[in-house]
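Visitor: Chain by chain, the residues:
Number of protein chains: 2
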Amino acid sequence: MAAAAASTAFSFSTDCCNRGAKRVFRITALQVASNRGPSAFLRGVRTINTSACTTASRCSSSGFVKTETITEASAKVIDGKSVAKEIRDEIAIEICRMKESIGVAPGLAVILVGDRKDSATYVRNKKKACESVGIKSYEVHLAEDSSEQEVLKYISGFNDDPSVHGILVQLPLPSHMNEQNVLNAVCIEKDVDGFNPLNIGRLAMRDREPLFVPCTPKGCIELLHRYGVTIKGKRAAVIGRSNIVGMPAALLLQREDATVTVVHSRTKNPEEITREADIVISAVGQPNMLRGSWIKPGSVIIDVGINPVEDSKSPRGYRLVGDVCYEEASQLASAITPVPGGVGPMTIAMLLLNTLVAAKRANNFK
Amino acid sequence: MAAAAASTAFSFSTDCCNRGAKRVFRITALQVASNRGPSAFLRGVRTINTSACTTASRCSSSGFVKTETITEASAKVIDGKSVAKEIRDEIAIEICRMKESIGVAPGLAVILVGDRKDSATYVRNKKKACESVGIKSYEVHLAEDSSEQEVLKYISGFNDDPSVHGILVQLPLPSHMNEQNVLNAVCIEKDVDGFNPLNIGRLAMRDREPLFVPCTPKGCIELLHRYGVTIKGKRAAVIGRSNIVGMPAALLLQREDATVTVVHSRTKNPEEITREADIVISAVGQPNMLRGSWIKPGSVIIDVGINPVEDSKSPRGYRLVGDVCYEEASQLASAITPVPGGVGPMTIAMLLLNTLVAAKRANNFK
Numbered sequence: 000m001a002a003a004a005a006s007t008a009f010s011f012s013t014d015c016c017n018r019g020a021k022r023v024f025r026i027t028a029l030q031v032a033s034n035r036g037p038s039a040f041l042r043g044v045r046t047i048n049t050s051a052c053t054t055a056s057r058c059s060s061s062g063f064v065k066t067e068t069i070t071e072a073s074a075k076v077i078d079g080k081s082v083a084k085e086i087r088d089e090i091a092i093e094i095c096r097m098k099e100s101i102g103v104a105p106g107l108a109v110i111l112v113g114d115r116k117d118s119a120t121y122v123r124n125k126k127k128a129c130e131s132v133g134i135k136s137y138e139v140h141l142a143e144d145s146s147e148q149e150v151l152k153y154i155s156g157f158n159d160d161p162s163v164h165g166i167l168v169q170l171p172l173p174s175h176m177n178e179q180n181v182l183n184a185v186c187i188e189k190d191v192d193g194f195n196p197l198n199i200g201r202l203a204m205r206d207r208e209p210l211f212v213p214c215t216p217k218g219c220i221e222l223l224h225r226y227g228v229t230i231k232g233k234r235a236a237v238i239g240r241s242n243i244v245g246m247p248a249a250l251l252l253q254r255e256d257a258t259v260t261v262v263h264s265r266t267k268n269p270e271e272i273t274r275e276a277d278i279v280i281s282a283v284g285q286p287n288m289l290r291g292s293w294i295k296p297g298s299v300i301i302d303v304g305i306n307p308v309e310d311s312k313s314p315r316g317y318r319l320v321g322d323v324c325y326e327e328a329s330q331l332a333s334a335i336t337p338v339p340g341g342v343g344p345m346t347i348a349m350l351l352l353n354t355l356v357a358a359k360r361a362n363n364f365k
Numbered sequence: 000m001a002a003a004a005a006s007t008a009f010s011f012s013t014d015c016c017n018r019g020a021k022r023v024f025r026i027t028a029l030q031v032a033s034n035r036g037p038s039a040f041l042r043g044v045r046t047i048n049t050s051a052c053t054t055a056s057r058c059s060s061s062g063f064v065k066t067e068t069i070t071e072a073s074a075k076v077i078d079g080k081s082v083a084k085e086i087r088d089e090i091a092i093e094i095c096r097m098k099e100s101i102g103v104a105p106g107l108a109v110i111l112v113g114d115r116k117d118s119a120t121y122v123r124n125k126k127k128a129c130e131s132v133g134i135k136s137y138e139v140h141l142a143e144d145s146s147e148q149e150v151l152k153y154i155s156g157f158n159d160d161p162s163v164h165g166i167l168v169q170l171p172l173p174s175h176m177n178e179q180n181v182l183n184a185v186c187i188e189k190d191v192d193g194f195n196p197l198n199i200g201r202l203a204m205r206d207r208e209p210l211f212v213p214c215t216p217k218g219c220i221e222l223l224h225r226y227g228v229t230i231k232g233k234r235a236a237v238i239g240r241s242n243i244v245g246m247p248a249a250l251l252l253q254r255e256d257a258t259v260t261v262v263h264s265r266t267k268n269p270e271e272i273t274r275e276a277d278i279v280i281s282a283v284g285q286p287n288m289l290r291g292s293w294i295k296p297g298s299v300i301i302d303v304g305i306n307p308v309e310d311s312k313s314p315r316g317y318r319l320v321g322d323v324c325y326e327e328a329s330q331l332a333s334a335i336t337p338v339p340g341g342v343g344p345m346t347i348a349m350l351l352l353n354t355l356v357a358a359k360r361a362n363n364f365k
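First to last, the protein sequences are chains C and S.
Per numbering that gives the first Met the number 0, the very first residue in the first sequence carries number 0; after that it's consecutive.
Per numbering that gives the first Met the number 0, the very first residue in the second sequence carries number 0; after that it's consecutive.
It should be emphasised that the hints constitute simulated quantities derived from the structure, not laboratory data.
Please read all numbers here as calculations on a predicted model, not as lab measurements.
Hints may be right or wrong, so weigh each one.
To be verified - Derived pair list, reagent style DSS-like, types lysine-lysine, alpha-carbon separation capped at 27 Å: (1) C:K231 - C:K75; (2) C:K267 - C:K98; (3) C:K80 - C:K231; (4) S:K267 - C:K231; (5) C:K152 - C:K359; (6) S:K231 - C:K267; (7) S:K80 - S:K267; (8) C:K267 - S:K267; (9) C:K84 - C:K267; (10) S:K295 - C:K267; (11) C:K295 - S:K295; (12) C:K267 - S:K75; (13) C:K295 - S:K267; (14) S:K84 - S:K116; (15) S:K267 - C:K75.
This is chain C alone, in the form it adopts within the complex:
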């Protein structure tokens, strides 16, 4: 399984720090750090976003943070880019040790079907990342009109190939294919994305261990660990309940003894609930949805959203922001991930780590 942008054609919402600009709510482009499709949350909560971000006066009228009073950020910046680099370096060292000891390098196979540019970019980035740490990458690129049977044939081949330890099917697949059928064909020992229901079940159950933890939520927790954030006994809010990020993130936090509330599109008072949380993981794909009034002072904020907002000053015409209004939240939180440079770089690092884990397990290498 793998990453895919919500849409090749972005459109933009305004940034909360850019209120004079034209707001385009027609389609809010979505791209959580996992680079998957739009979460269901978006469809339900668009109104929350619009009401929160409509005007400067509304923002101030929340009575929580007056933007005028904001002078400088107090939160520690959780630098995902540098942590991801650190992890990639650790992986590279471990792979060297593995090669020297048993002569085996981890292998990751990626299957790409069709000609989506965004998918091609993701596959290229993964390939590069693999090379940088010493993972051998195998790529199959099939035509858009390939049959499901053909894809299954390649998966079956990789399942049987002992030099391949992880298999990713780049999503989305062409609409004539059954995504679940295809993904279920990847054997669980090579399902480095960790989305196999058996893995998710083990993640949910006490005294069971998943073979792989999904990359983006694993990256979120790893950031908390590396920044010494205590999880046990803390209140946590996970905003969004996607199979890819929100749901497994909530299970991971609960495994570490947080008291977790999952906030979603049907939650009536998301702001109030989020404000109770010591740790917030947001994965909804709504630019700047979490204003200052959502943030408990001293809390830790992990922002999984990567949303383009219109920006005439940028050469590209847009810039990327998170689900959290960084400007406001960073005044209140004790630590916060930036966007970009927060969770994003962690996803590929965790994919590399899962591939290494798969290779070690397959070779019984400790």
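Using the hints, position chain S against chain C.
Guide: Same frame as chain C, now just chain S:
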């Protein structure tokens, strides 16, 4: 998989309505409706219970409910016994239709190892319940010193037997057996307890359907449905996070669009969080832990706990109470399950229903 008491030798905690009696906190006997072993919650929250229930004055000093002011219960009683009867009648009719149409009766196999009296009682009760609706039951009773291999041999036989649609291994197994190995041997199509991680994973994931939903949490949700309780958009607190009740109950509530918080032994302010909930499912096995001060007025309370408390007036010397102080909660809640007669009877009804579902699925009978 199946039910087993926490201990054959009960000891007793006091009822909150029986404060003069001797309190024995040495061992608090535990028996949630699923009749499984003690939850981890108990070990962590004993202090919560003792502080909440120590004396009448403490109870009043919570400032929430003064017991003196309690006159009569206002909550609707959620009558699990009668709902379970209704469901068993529906199952019996459906089984008649199935027999008449395709000549097949559902079959449930139960494997019992050893001579625990409580386990024998549970197996007997299940057998009786099966007979009452027309499910054929198959029983294997093995000696305490049987080998794991022997148990696996019987499971394998039942897996292959087309007249058996559901398989239960009565827990606990003797300590020389690996419970996970044994339970994993039951093929997923016959795992009517729904505890296979693949089922739990599907339960957690959106757009996936579990083959079976675990019986006790399924019974809780069924009670909410049959009493017309709206779940969508409500705040829910699930107290306890066991694999058997708490965790799957939380997943079920979330599937129905509640905003769920799982409260557990490491939660710092369980009372406050529970008081925010419109729906509470408690499965901790702590007698009367949830006092009036935990209950939001108008909320709906599903009490999974079945805990014996000392009662000199009872011929048995004890009586059964829930996790919730019924006397206090029923003044505040809009609806509440009694103990006994609430969730308890629903568990076996759901087991029968899962067995019927398994048989229909195996025979492609709609």
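Visitor: Can you name, in rising order, the numbers of the hints this structure does not satisfy?
Guide: Hint check: 2, 7, 9 fail, others pass.
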